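2 protein chains.
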Amino acid sequence: MSIQDNFRLAMRSYIYSVSVLSNKDNFGNCNAITVSSVTSISMEPPSLLVCINKDSKIHDRLQIDSDFCINLLTKDQETISNVCSSEAMHDQRFNDPRWNIESVPYLTNAQANIFCKVDKLISYHTHSIVIAHVTKSTSKDKINTLTYVDGSYA
Amino acid sequence: MSIQDNFRLAMRSYIYSVSVLSNKDNFGNCNAITVSSVTSISMEPPSLLVCINKDSKIHDRLQIDSDFCINLLTKDQETISNVCSSEAMHDQRFNDPRWNIESVPYLTNAQANIFCKVDKLISYHTHSIVIAHVTKSTSKDKINTLTYVDGSYA
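So the protein sequences, as listed, match chains A and B. When the count follows the numbering used here, it moves up by one through the first sequence with no breaks and lands on 154 for the last residue. When the count follows the numbering used here, it moves up by one through the second sequence with no breaks and lands on 154 for the last residue.
FYI, nobody ran anything at the bench for these hints, they're computed from the structure. Fair warning: this is a prediction, and the values are worked out from it, not measured in the lab. Glycine is no exception: its CB is placed at the ideal position from the N, C-alpha and C atoms. Worth double-checking, as some hints may not be accurate.
[As the list claims (entries may be wrong)] Computed footprint of chain A on chain B; a stretch qualifies when at least three of its residues, placed anywhere within it, have a C-beta under 8 angstroms from a C-beta of chain A:
1) 6-15
2) 29-42
3) 75-89
4) 110-117
[Stated by the list, open to error] Below, computed lysine to aspartate or glutamate pairings styled on EDC-like, alpha-carbon distance capped at 16 angstroms:
5) B:K24 <-> B:D76
6) B:K120 <-> B:D65
7) A:K142 <-> B:D91
8) B:K140 <-> A:E78
9) B:K117 <-> B:D65
10) A:K54 <-> B:D67
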């Protein structure tokens, strides 16, 4: 097997929390994409990073100082995870009535909503590493986080 | 509550896979640290990142082109996770007989071993973001990955 195949196989045993990254661009269009690569960096300043494929529609809508929300999903939100990771269902991303899209779009029924402002964009081959300041966070008391492992939800 | 406190609270509901990053420095000294921030970036080239606190002993031992291993832990490896996250137990990190320390140290009983070479180091306030090429990966068939949520192992 190639290095890639063995790496892919090793990462299949990695257990990921599933989030949807959402934003509204300068034209007022809402965007959303399912992500598994959210990582907190520091508490001083409160900050996190997320890796975004350059081929994704949302990629060019993430600019320095633009706002977005990381919606950490619950086990009840597999559907929105599937919709936001499918190019074919792109037009259905904001059909769920639990979206609040007044300002930065966020899912009102998420496990947590972490509002961020892009601080740095680091290009790395096929992906950009988006580093952002956290500006506000809310979370539910009961932990019921959606995870993904070995090609399916856990 | 402060932004930090709310962010910390939101991240308590994030479910992390637990790994130990290990390396051998230019003086032949073995180092290891428990990390929860491993994220794959790209398959072209196969690459991942990990965030390392600048205060940690291992930080300055990670230089461009240096080798390390990400040992994704199993549920049976809470002890090594605790040892490698404790400054007080620093001298005990390589007591576990399952370490192979001939070259780049790795845990022979880990869920997966992902061998990497540092490609870029990005300083971000209290932490460095270590971006590395994956050079080799091995993994166990049965998935039994150690996770951490809300301040304890899941």
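Structure-inconsistent hints, enumerated in ascending order:
Failing hints, ascending: 3, 5, 7, 8, 10.
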